[in-house]
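Protein chains: 4
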Amino acid sequence: MKSHVLLIDCEDRKGLVNQITGVLFKHLVNVESNDEFVDHSTNRFFMRTEFSGNFDSGQIYDDMKNVLPEEANIMLSGKRKKNIVVLATKEHHCIGDILIRHMFNDINANILAVISNHDTLKSLSENLGVAYHYVSHENLSREEHEKKVLQVVEQYNPDYIVLAKYMRILTSAFTAKFPNKIINIHHSFLPAFIGANPYRQAFERGVKIIGATAHFVNENLDEGPIIFQDVINISHTMDADKMSKAGKDVEKTVLSKAMDLVFDDRVMVNRNKTIIFN
Amino acid sequence: MKSHVLLIDCEDRKGLVNQITGVLFKHLVNVESNDEFVDHSTNRFFMRTEFSGNFDSGQIYDDMKNVLPEEANIMLSGKRKKNIVVLATKEHHCIGDILIRHMFNDINANILAVISNHDTLKSLSENLGVAYHYVSHENLSREEHEKKVLQVVEQYNPDYIVLAKYMRILTSAFTAKFPNKIINIHHSFLPAFIGANPYRQAFERGVKIIGATAHFVNENLDEGPIIFQDVINISHTMDADKMSKAGKDVEKTVLSKAMDLVFDDRVMVNRNKTIIFN
Amino acid sequence: MKSHVLLIDCEDRKGLVNQITGVLFKHLVNVESNDEFVDHSTNRFFMRTEFSGNFDSGQIYDDMKNVLPEEANIMLSGKRKKNIVVLATKEHHCIGDILIRHMFNDINANILAVISNHDTLKSLSENLGVAYHYVSHENLSREEHEKKVLQVVEQYNPDYIVLAKYMRILTSAFTAKFPNKIINIHHSFLPAFIGANPYRQAFERGVKIIGATAHFVNENLDEGPIIFQDVINISHTMDADKMSKAGKDVEKTVLSKAMDLVFDDRVMVNRNKTIIFN
Amino acid sequence: MKSHVLLIDCEDRKGLVNQITGVLFKHLVNVESNDEFVDHSTNRFFMRTEFSGNFDSGQIYDDMKNVLPEEANIMLSGKRKKNIVVLATKEHHCIGDILIRHMFNDINANILAVISNHDTLKSLSENLGVAYHYVSHENLSREEHEKKVLQVVEQYNPDYIVLAKYMRILTSAFTAKFPNKIINIHHSFLPAFIGANPYRQAFERGVKIIGATAHFVNENLDEGPIIFQDVINISHTMDADKMSKAGKDVEKTVLSKAMDLVFDDRVMVNRNKTIIFN
Numbered sequence: 153m154k155s156h157v158l159l160i161d162c163e164d165r166k167g168l169v170n171q172i173t174g175v176l177f178k179h180l181v182n183v184e185s186n187d188e189f190v191d192h193s194t195n196r197f198f199m200r201t202e203f204s205g206n207f208d209s210g211q212i213y214d215d216m217k218n219v220l221p222e223e224a225n226i227m228l229s230g231k232r233k234k235n236i237v238v239l240a241t242k243e244h245h246c247i248g249d250i251l252i253r254h255m256f257n258d259i260n261a262n263i264l265a266v267i268s269n270h271d272t273l274k275s276l277s278e279n280l281g282v283a284y285h286y287v288s289h290e291n292l293s294r295e296e297h298e299k300k301v302l303q304v305v306e307q308y309n310p311d312y313i314v315l316a317k318y319m320r321i322l323t324s325a326f327t328a329k330f331p332n333k334i335i336n337i338h339h340s341f342l343p344a345f346i347g348a349n350p351y352r353q354a355f356e357r358g359v360k361i362i363g364a365t366a367h368f369v370n371e372n373l374d375e376g377p378i379i380f381q382d383v384i385n386i387s388h389t390m391d392a393d394k395m396s397k398a399g400k401d402v403e404k405t406v407l408s409k410a411m412d413l414v415f416d417d418r419v420m421v422n423r424n425k426t427i428i429f430n
Numbered sequence: 153m154k155s156h157v158l159l160i161d162c163e164d165r166k167g168l169v170n171q172i173t174g175v176l177f178k179h180l181v182n183v184e185s186n187d188e189f190v191d192h193s194t195n196r197f198f199m200r201t202e203f204s205g206n207f208d209s210g211q212i213y214d215d216m217k218n219v220l221p222e223e224a225n226i227m228l229s230g231k232r233k234k235n236i237v238v239l240a241t242k243e244h245h246c247i248g249d250i251l252i253r254h255m256f257n258d259i260n261a262n263i264l265a266v267i268s269n270h271d272t273l274k275s276l277s278e279n280l281g282v283a284y285h286y287v288s289h290e291n292l293s294r295e296e297h298e299k300k301v302l303q304v305v306e307q308y309n310p311d312y313i314v315l316a317k318y319m320r321i322l323t324s325a326f327t328a329k330f331p332n333k334i335i336n337i338h339h340s341f342l343p344a345f346i347g348a349n350p351y352r353q354a355f356e357r358g359v360k361i362i363g364a365t366a367h368f369v370n371e372n373l374d375e376g377p378i379i380f381q382d383v384i385n386i387s388h389t390m391d392a393d394k395m396s397k398a399g400k401d402v403e404k405t406v407l408s409k410a411m412d413l414v415f416d417d418r419v420m421v422n423r424n425k426t427i428i429f430n
Numbered sequence: 153m154k155s156h157v158l159l160i161d162c163e164d165r166k167g168l169v170n171q172i173t174g175v176l177f178k179h180l181v182n183v184e185s186n187d188e189f190v191d192h193s194t195n196r197f198f199m200r201t202e203f204s205g206n207f208d209s210g211q212i213y214d215d216m217k218n219v220l221p222e223e224a225n226i227m228l229s230g231k232r233k234k235n236i237v238v239l240a241t242k243e244h245h246c247i248g249d250i251l252i253r254h255m256f257n258d259i260n261a262n263i264l265a266v267i268s269n270h271d272t273l274k275s276l277s278e279n280l281g282v283a284y285h286y287v288s289h290e291n292l293s294r295e296e297h298e299k300k301v302l303q304v305v306e307q308y309n310p311d312y313i314v315l316a317k318y319m320r321i322l323t324s325a326f327t328a329k330f331p332n333k334i335i336n337i338h339h340s341f342l343p344a345f346i347g348a349n350p351y352r353q354a355f356e357r358g359v360k361i362i363g364a365t366a367h368f369v370n371e372n373l374d375e376g377p378i379i380f381q382d383v384i385n386i387s388h389t390m391d392a393d394k395m396s397k398a399g400k401d402v403e404k405t406v407l408s409k410a411m412d413l414v415f416d417d418r419v420m421v422n423r424n425k426t427i428i429f430n
Numbered sequence: 153m154k155s156h157v158l159l160i161d162c163e164d165r166k167g168l169v170n171q172i173t174g175v176l177f178k179h180l181v182n183v184e185s186n187d188e189f190v191d192h193s194t195n196r197f198f199m200r201t202e203f204s205g206n207f208d209s210g211q212i213y214d215d216m217k218n219v220l221p222e223e224a225n226i227m228l229s230g231k232r233k234k235n236i237v238v239l240a241t242k243e244h245h246c247i248g249d250i251l252i253r254h255m256f257n258d259i260n261a262n263i264l265a266v267i268s269n270h271d272t273l274k275s276l277s278e279n280l281g282v283a284y285h286y287v288s289h290e291n292l293s294r295e296e297h298e299k300k301v302l303q304v305v306e307q308y309n310p311d312y313i314v315l316a317k318y319m320r321i322l323t324s325a326f327t328a329k330f331p332n333k334i335i336n337i338h339h340s341f342l343p344a345f346i347g348a349n350p351y352r353q354a355f356e357r358g359v360k361i362i363g364a365t366a367h368f369v370n371e372n373l374d375e376g377p378i379i380f381q382d383v384i385n386i387s388h389t390m391d392a393d394k395m396s397k398a399g400k401d402v403e404k405t406v407l408s409k410a411m412d413l414v415f416d417d418r419v420m421v422n423r424n425k426t427i428i429f430n
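Protein chains in written order, with the numbering used here: chain A, 153 to 430; chain B, 153 to 430; chain C, 153 to 430; chain D, 153 to 430.
Just chain A, with the same shape it has in the complex (with noise of 0.2 Å):
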């Protein structure tokens, strides 16, 4: 028996779901769950169904094609683990959580590979069976960098990478190759404290709470869809080094709960914004 999920978003209409369910009775699949949204500011509709049972999977989609709208978007796929590709820089906690839950086979993904322009995550990552690219950005412009670590990237042809605190800005040439395919994680919580040093904007305006986010990566820096937020209470007594502490574990849990669902295919992009079923 199979496990397929099914991903659609087109223009609302009347009966959209009545046909779309027609096509999968016709199957005689078993619908695990089964999740809907009209997005009303935009007539968008977007749907997300597990199934299960014995179907030909070309042919439901073939179904589902005529049935809906043409410029309809369409992904149906059994339930697999996804290949990425995870880009850090020197900080362990985020790719620390990654590698463990990697190792013990509680992410749905395999990690292809570790990339950085430090060595100083390396024994951590093949002492957990993870090959470790090191790529340094010394004496290399921004875009020659960038080159080598998007050759190293592309010999595993991943189906996301992830930026596990990975302290490079990626220009766009890099993030338009990639459409909703890397997932960053931001120590703030965004829109605030764009930009640099979160922590010390943080710590400079008084704040009383501190967060994390995770998020797409398009072109424009720390304003790609935001997939998950979770935030925590700080008081007058941190400063930014004790609020940068304090945030290590807000972000890796932010980072790994999006990763839970992007990798569950329950993370659907609609324009600026995500429509998560979860």
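It is worth saying that the hints were derived from the structure and are not from the lab.
Since the list gives no way to pick one copy over another, a pair counts as held whenever it fits inside one copy or between any two copies.
With a cut-off of at most 20 Å between alpha-carbon atoms, the simulated DMTMM-like pairs for lysine to aspartate or glutamate come out as follows: (1) Lys166 / Asp187; (2) Lys234 / Glu202; (3) Lys394 / Glu184; (4) Lys425 / Asp374.
Chains B, C and D: place on chain A using the hints.
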């Protein structure tokens, strides 16, 4: 144009969503939102649909009856304010919050009356425009008092009864008359600290979080289906009185949130649990 | 027996706590609680002490003066309810919450009056026992209207002014008269979504959390010292209106918490930040 | 320059803070932070002070002895990493998190060894640089097995023992040897769901929040002083397995936070509760 809510629960089987949406499509309604859930542990299907349009709701109901299994529970009704009666004792925070919302049309209910075993809240209630029935319990047995309360309740024929810190225990004779129609707020994160003085219990145990639970009332005290819960952090500096004061905010927020969910027909009862279509 | 609060801030140096507690010991007071903080980034010392007993507070004050550096700020006063004036516009949730607390003695303040540029909240306020001043802004310049508001405020000589969703911008002429004496509630987790329509901004950005911020008001809009913040989770199903409705609960809770902290003399201002001795 | 932590608890009386700070001032130390708490229900005084400078700690200790009541508990020690032994069973999330932190010097402890009744975590532990003792419980009584574990523990003479999801019950013979020195993580917001399978219990009860509790272990299972707790929201869509997966993140975060607090000497035990000077 009318706006209706449809709630269905029945044994799960293939094609249910297709059959249900087929009826809706036949009547050409606009489906505003659609949520489904299958409890795989009991093989039971639950669905909530909001739709609008010009339709004959009796005809839709009959058509649903025809396509669904005989044992299915079908609720189909226009979106409307619920009629409620609120029971309270002396504490003002929950009832005050409810009355303010009611006064400004910020709650999906008509408060027909407040009933209390004290007169503490009389001027508050009347000044905010709601009839107040003071039914003293003095010199009465539990059963005698409850009977008098019941007489007042029944003259209003409410859709729901809200216990806004009503500090008397209802007998099963009373609760059996209103299955899943009585909403209570309990001042702990149940099932911790069942029974009297939960803040005192929390203080004695030295917990670091306290909370509140809104639940339907059944014959077993504090054991009805949970609708909503929330918590707040506390510290060693708080004694039971300070906890009680701090807890009031979460109590009123939790009760208010539960009332919104129930009155918008977003809560379905699945044995001793709830399904929340939010 | 009297109960007093002592607040001290001054440059840090060795022996300060010993000297301060030496004065208290000399007068044989009972120290109920004691909190200190040193801001190492500015080398500034902050202390809050609650004590009770039979003592001459003038003598204690003079003795403190003698042991502390000349530039020290010393506030020594009996524990007492603060006198406040509340400014509001049309929204009822914050003002309603405050008035209910006031009616039942559940707030450490006497509300002397409510002032609004609309008459929407008049019957609520008066029915709950608080004078209401309707000062319309129609056909008046900002400065003219503010002057009329100021006249009403000044006749009450309040300790604090609370902006309970007062939707008009105060000029720096007004705010300069009440430094660290005006408490505002802003409907976002500042510094995100500064300015108008934060829920609309939050919807457009697609954030997964929204929040509220209580802060002192200074000449720079939305930039005064933050007293308290809290957030709630939201989802893609919520448009700006639903966010606004959901946000009201956190707004009123955050404002209420901030008022408790300020009126209990638990908030000290450290440049553009607060120190909270909770 | 040295940095020390001073912890004092004794019966409360007037002048204590003055006398304690008098000793510190006499030795001309720099007080970095100072926290006090009086439990008025038991009239007991608690204090934590961090100070630095050039001083004779033995002399400070003797001077403290002289000014404090005879029954006072005084702990004065240099700030230092604690030596710990970690007990685990099969689950990797807590131990993995701890080992990663340890590898990168991000925890205030030296992990001397991991002990487990299974060999599941052996390669993880050894690859991250920590000795692993596999002490199987097969064919052994509880007492026999525990005795073998104890032998391994005692050869390391740890300051603290951390139970990172160690799924075996310790006898009071064991726990009595390490009063307030064993930290456990329990996978519920205690006192809810005491005992086995808390996530199963939570699922059966239909709660809307689940949580985790870090506590010291005493002779009564799950009843030791609570150090830290946190919760997450759940929904009807989550069965016990999904709750268990979702709960792992909060388990490891709660344990990690509790370890930070304990190892930084920020936790004092007050009968069956803790005082947290954070």
